[in-house]
Every structure is written in C-alpha cells, then in structure tokens.
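Listed here are the chains, written in short residue letters.
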Amino acid sequence: MDELVQRFLAGDRRALARIITRVENSTLEGRDYVRALFPHSGRAHIVGITGGAGSGKSTLTGALTAELRRRGRTVAIIAVDPSSPFTHGALLGDRIRMQDVTMDPGVYMRSMAGRGALGGLAPAIADVVAVVDAFGFDYVIVETIGAGQDEVEIAGTAMTTVLVNNPGTGDDIQALKAGIIEIADILVVNKADHPGADVLVSQLQALLALSPADQRRPPILKTVATRGEGLAQLADAIDEHRAYLEQTGQLAAHRSEDARHQLLAITQQLILEEIRRAAPEAVIETLTGRIASRELDPHTAAEELAALVLPRG
Amino acid sequence: MSTATATDKIRVLIAKPGLDGHDRGAKVVARALRDGGCEVIYTGIRQTPEMIAEAALQEDVDVVGLSILSGAHLELFPRVVEELKKRGLDDVLLFCGGIIPEEDTEALQKLGFKAIFRPGTNTQDIVKFVYDNVKKK
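Sequence order for the protein chains is A and B.
Be aware that the first sequence starts at -18, since it is given in my numbering, and climbs by one per residue.
Be aware that the second sequence starts at -12, since it is given in my numbering, and climbs by one per residue.
One or more of the hints may lead you astray.
[To be verified] Across the chosen pairs, the derived CB separations fall in these ranges:
#, chain 1, residue 1, chain 2, residue 2, range
1, A, GLY209, B, ARG66, 28 to 34 angstroms
2, A, GLY209, B, PRO106, 35 to 41 angstroms
3, A, ARG241, B, LYS101, 47 to 53 angstroms
[As the list claims (entries may be wrong)] On the chain A side, residues computed to face chain B include the following (Cβ under 8 angstroms):
#, residue
4, SER65
5, ALA71
6, GLY74
7, VAL82
8, MET84
9, GLY87
10, MET90
11, SER183
12, LEU185
13, ARG223
14, LEU226
15, GLN228
16, GLY270
17, ARG271
These aren't lab readings, by the way, just hints derived from the structure by calculation.
Every value quoted in this text rests on a predicted model; they were computed, and no experiment measured them.
Note that CB positions come from ideal geometry on N, CA and C, so glycine has one too.
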C-alpha cells in the first residue's frame, strides 16, 4: 500500500486510478488509502453539475473543463451514471462527450457507477472526491446521474452546485415544485439556442423573486455547451460563488456540515456491517419470513437483529 | 494483494479505434457485458490509440475490448497495445471483435489478444470469456 501512496503523492496518475478503484470498492484496504490521503485533501473547489437526463450535463462539464484549463487550472471530473438495479452492471458513457479534454495532462476523468445509491451519486463519492482532491487538482467537478426534482444530495458534497435546465421541458409549475431548484447556487439554461430559452430564463427569474429577500439569488446563465458559448461566464460565476462562500463564512459551515454527515453515514455503515457479520444469514431469513407472513412487524424484527451487536439499553 | 469482495466490479473499456463509424456491434457487446454485471465504459467512435490507452489508465479497467470493421486492425491494434504498455498497463485482458480475417488470428494472438469475436458470436460467450479470464487486481 505504501508504494502506491508514494507514487500517488509523486503525481502518478495510474496510482490515482488504482487507488480510486480500491476506495470505490470499499475494501478495508480502500479505507486505509482514505486514511493516508485525507490529510492532503481540502484544497480543491468541488463543483456539482446536476440536472435532468439529456440536459447536457456531460457536454457542459467537458466545455467548463476546457474553459478552466484555458485559465491554467487543473481539473478532475467524476461522472456518475446509473447501475442496473437487477444485474448491478452499468454502461458508463460520459467520456463520449468529453473527448476534447480527456487527453489533456491537466485533466483526470473518471466514470463511476451509481451502485444503487440515492440522490444521483455513488456510495463512495465522498471518499473518491477526497482522493482526487488530495492529488492536487484545483477543481473537482462531480456530474450526477440525470436528476429530476428531488435529488439534492449533491449539495452536501459540492461547494458550488450548478443546476442545468433546458427550454421546452415543462411549465413553470414544474420548476416551482422542484426541491432541486433550492440547492442550486448557479442556474444554467443550456441549449439556449433552442426556442423558449428566454421564456425559461424569465420563469426562473420570477421563481427566484419569490424567495426571501435576504437570501442570495443564484445567477441565471445561458449556455450552448456544444459550441462553448457562455462557459467563460459560468467559470466566472463559480469563482464568484467560491469568494462569496469564503467571505460569508459559509464555506467553513459547509465543510462542517459535510463532515458531520460523513461521520454519521460511515458510523451507520459500520454498525450495519457489524450486524451482517454477527447475524447468520439464517437468522435474517427467519426474521424476513416472519415479517412477510405478518407474524412480526418490521420494527420489532429490526430491533431483534440490532440487539445481536448493540448492548441493551 | 487486495482482498476481493462482493463489491469488486469488473471494469471493461469498449473502444472503437480508427475511422469507421459503425458502432452497433460495439454497443451490443457493451450492453451484453452490462447485463452480465460488468461496469462498461464506452467511449464512442473514432478513437486514437492514445485516447484508448489513456481512457484505460484513467478508468483503471481490467479489460479492454476493441471493435473494428474497417480492416485497419493490423495497423491500429499494435499501436493500441504499444500505448497501453507505455503506460504500464500490460496486465489488462485484451479481446477484439469485428470484421477480422482468419489469417490475422495468429498475429493478433501474438499481440496479446486472448479472443477474437467475429460476426455471429453469441454475446453470452463474450460475457463468459470476460469472467473466465479476468484477473482482479
């Protein structure tokens, strides 16, 4: 393990790729890599790109990366695509839209399968982000699985969340009820060369006008990612948001919230693993059967299962 | 060295080197491997050998499958293998498919291709080949 960590710290991209695999697979060894590399993380600006399937997230991510590279910054991209709920396989196609940047030595691009996690992310996303951050990239861009109205988890990982909208995808009531709008730090209307782009911009403006006056209003930007239009403005808006977070103390608050979230999530995972180790499959089977036949309610059954490892209170 | 667990996924890169624009076969194979439980990275058409090797490195794949219909396999495949080696990726499992004449089999095997799948192959045979031959890191 030490040799791989040494190579990683010396800037070896293959060591980076290999360590991500181990971390993603959540092996015990993977956790040791996070332990070793976490102290080196915390410097990158983490940007989340989210939005509906087909909204142009991958193309926008590629074009934004090209813009950041023009400014001399280095970029890691983590693009998440869904896993099959049945076979657990995945077809990861985000590289197709990022061909222009993936040969650049200042860019690292990694496809990740969702592996059943909720929120358009992957189970190991926080650890993988910490690892690429530790490698020394200026920006880490996390592109979510196509998100609809309620996949808000990205805002926990990302410091700046960009929500990608398209003209012609629903009336303003769709936008009004979508919880995902509330997590956006920057709103992008992509495919802005399509009809209805200006209508969508004014609908979003009207929607934002309803939020409390003391709240920051996210900027609304028009882009045509396939032609690179509007990307300089997007890169500026991301840097402005970063500066805003620093000035208002919100960056520290975000870090602390994310730390708390991770602490509790990992503890929950550890307890679950402990239960799985302590409980023979037969015990789980029996409890499952008793719930299914309505002999036992799921709460009592879960308490019995948890009691195998938890001291009785 | 690493402890294999149930969460270890086989990662496969399916790539099309060269200029032919027909990727139906590559997509069918990618889909079959996905349905077989693999995580498949598909990079689309018109890939240079450098792009394929760089994608294999960044994505840390266990397997690289090349699809080609143009007839340029004896020009392009050696360059892909060379680029992989240049990056230290000599332990990935290689296979290929497409319009590849029988007489080229030996040359491709010498290059390190463990299997050649031609038109009419049952996709399940490809999935089985991957599972039987992959070396987990």
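Hints versus structure:
A beta carbon spacing of about 30 angstroms between GLY209/A and ARG66/B agrees with the range 28 to 34 angstroms that was offered as a hint. Checked against the hint of 35 to 41 angstroms, the C-beta distance between GLY209/A and PRO106/B comes to roughly 40 angstroms, which is consistent with it. Against the hinted window of 47 to 53 angstroms, the Cβ-Cβ separation of ARG241/A and LYS101/B comes to about 49 angstroms, which satisfies the hint. Against a cut-off of 8 angstroms between C-beta atoms, the interface hint on SER65/A holds, since the closest Cβ of chain B lies about 7 angstroms away.
Using the Cβ-Cβ criterion of 8 angstroms, the hint placing ALA71/A at the interface with chain B is satisfied: the shortest such distance is roughly 5 angstroms. Here the hint on GLY74/A is kept, as its CB sits about 5 angstroms from the closest CB of chain B, short of 8 angstroms. With its C-beta approaching chain B no nearer than about 11 angstroms, VAL82/A sits outside the 8 angstroms limit, and its interface hint is violated. A cut of 8 angstroms between beta carbons decides the hint on MET84/A: the least distance to chain B is about 6 angstroms, and the hint holds.
The restraint placing GLY87/A at the interface with chain B is violated, with a minimum CB-CB distance near 13 angstroms, outside the 8 angstroms limit. At about 6 angstroms, the closest approach between the beta carbon of MET90/A and any beta carbon in chain B falls short of 8 angstroms, and the interface hint on this residue holds. The criterion of a C-beta within 8 angstroms of any C-beta in chain B is not met by SER183/A, whose closest approach is roughly 36 angstroms, and the hint is violated. Because the smallest distance between the Cβ of LEU185/A and any Cβ of chain B comes to about 32 angstroms, over 8 angstroms, the interface hint for this residue is violated.
Nearest Cβ of chain B to the Cβ of ARG223/A: about 26 angstroms, over the 8 angstroms cut. The hint is violated. With its C-beta approaching chain B no nearer than about 29 angstroms, LEU226/A sits outside the 8 angstroms limit, and its interface hint is violated. Checking GLN228/A against chain B by beta carbon gives a least distance of about 35 angstroms; that is not within 8 angstroms, so the hint is violated. Hint on GLY270/A is violated. Least Cβ distance to chain B is approximately 23 angstroms, over the 8 angstroms limit.
At about 26 angstroms, the closest approach between the beta carbon of ARG271/A and any beta carbon in chain B exceeds 8 angstroms, and the interface hint on this residue is violated.
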